[in-house]
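S.K.: Just need the whole structure built from these sequences, with the hints factored in.
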Amino acid sequence: MMAVEARRLTRYFGVQAALRQASFAITPGSCVALLGRNGAGKTTLLRLLAGLQSPSEGTLTVFGKDPLMPATRQMIGFLGHGSGLYDELTAEENLLLAARMAGLPGKRERVKDWLRRVQLDRVSTQRPHEFSRGMRQRLALARVLLSQPKLLLLDEPLTALDDRATAIVRDLLSQAQQAGATILMSTHHLSEGLQLANQVLLLHRGSVSYSGERTEVMLQDPASVYALCGEGA
Amino acid sequence: MNAFQATLLVAGKDLRMELRSKDSLNAAIAFSMAMLVLFSFAFDADAEQAREIAGGLLWLIFTFAGTLLLNRSFARELPNDCLEALLASPLPAAGILFGKAVSNAVLLLAVELICLPVFGIFYNIAWTRQWLPLLAVLILATWGMSVIGTVFSALTVHLQLREVMLPVLVYPVLIPSLLAAILLSAHLIGGQPLNGDTYAWLRLLVGFDVIFTLLTGAVASKVLVG
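Chains C and B supply the protein sequences, listed in that same order.
Start counting at 1 in the first sequence, then tack on 689, and there's your number in the numbering used here.
Start counting at 1 in the second sequence, then tack on 909, and there's your number in the numbering used here.
Simulated from the structure, these hints should not be mistaken for laboratory data.
Possibly wrong hints are sitting among the right ones.
What the hints assert, rightly or not - In silico DSS-like cross-links for lysine-lysine, where the CA-CA straight-line distance does not exceed 30 Å:
1) C:839 / C:796
2) B:931 / C:801
3) C:796 / B:931
4) C:839 / C:754
5) C:754 / B:1131
6) C:796 / C:754
7) C:801 / C:839
8) C:839 / B:931
M.R.: Below, the structure is given as structure tokens:
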């Protein structure tokens, strides 16, 4: 069974098609770099997969199930542009809330473990608005990862992070992949994204331009990816 | 997680956040107190007149105070895209809506219970003679207002003019419930027990709550995901 399968997936906003007739499949356990220029449809695709919107046409399944069903969302971890963290709650309370939402056993131990893994255990009683961008992103990732989702959807997780924070996030994603998670990650950081990924899904004006293996050529010259959709770097 | 557990979880989260920030609670209480004081000077009513206008006056204040609370219900999820995270969680949509409705109802009831003694003092009315049925009316009408207001709060959360749109959409739907609450409250604050005529209004209030609670559960997914 495919982790993600989209057939002729289309999503309109008014008369504008953000995604048009997109068909692709993602095998379980792969790490996919979702690439494309601004407005290519990356965020729309991630939101459809997270069950935040429904397709206008076509079908979309996550491990063979409809992403709009709560049972399917149990398998999905979604981190959008925002951190999804409540500024009124402490770091620990934010993670505890996420653990309760996911109905996880051993919540407190799990939360403490994740705070340690993202190196925020010493500030667990502080609130996210007191954190730096990198700390918030690590906490946001911990919020998503603590339920050990089978499909991880990340919308530009490396944006505005310094090299140290990027390295931590990259390690967390590598660990998640080794644990068997399928990762679909949109990014404009071509070099970082392609290093992490073993597959590439390239969108161009809402359509799939390329879906397949990440090649050595892409690693050596990341900007050449856009040549696959007929664009220059 | 079933809808009931999700309701408790979301209600607990919202109440905890509101008790920490007190954004909307302080605004609603301050507004209600100001209105009670202003009306007491404006009408200068004797005890009998005050009893007659009590229901309308109180529910006018509760409805406006409720709007202040309801406006924040989903708006507090907007910073950091918390609404996306909430909707992408495995919680059932009905649990999210009912959780927020319970939280709004608890906060509005708290405002109402603070207002009543102040009302009694400023208008010189002994409102406690039928306190138990009055409490039942407050709970029933507040739940109706909260459940409908929460649905419309979700529908208007992304609108720029949501503070204006919410009351415009909610008040017309609330008219039957508010009518019943006003008549029943005036009756009970006047010290009269519920009787044949007033039971009809009470049944209307219960029926209104049942219908809109069931409707909310039925349309929850459509309201939140569209």
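S.K.: Each hint: holds or not?
M.R.: Verification of the supplied hints:
Using a Cα cut-off of 30 Å, the hinted pair residue 839 of chain C and residue 796 of chain C holds, with the two alpha carbons roughly 19 Å apart. As the CA atoms of residue 931 of chain B and residue 801 of chain C are separated by approximately 29 Å, the hinted pair is consistent with the 30 Å bound. Proposed proximity of residue 796 of chain C and residue 931 of chain B is supported: the alpha carbons are some 28 Å apart, at most 30 Å. Our distance criterion of 30 Å between C-alpha atoms is met by residue 839 of chain C and residue 754 of chain C, whose separation comes to about 13 Å.
Only pairs whose Cα atoms come within 30 Å are accepted, and residue 754 of chain C paired with residue 1131 of chain B is accepted, the gap being roughly 19 Å. For a cut-off of 30 Å, the pair hint linking residue 796 of chain C to residue 754 of chain C stands: about 27 Å separates their Cα positions. About 22 Å separates the Cα atoms of residue 801 of chain C and residue 839 of chain C, which keeps this hinted pair within 30 Å; it holds. Pair hint residue 839 of chain C plus residue 931 of chain B does not hold up; C-alpha atoms about 38 Å apart against a cutoff of 30 Å.
In summary, the one numbered hint that this structure violates is 8.
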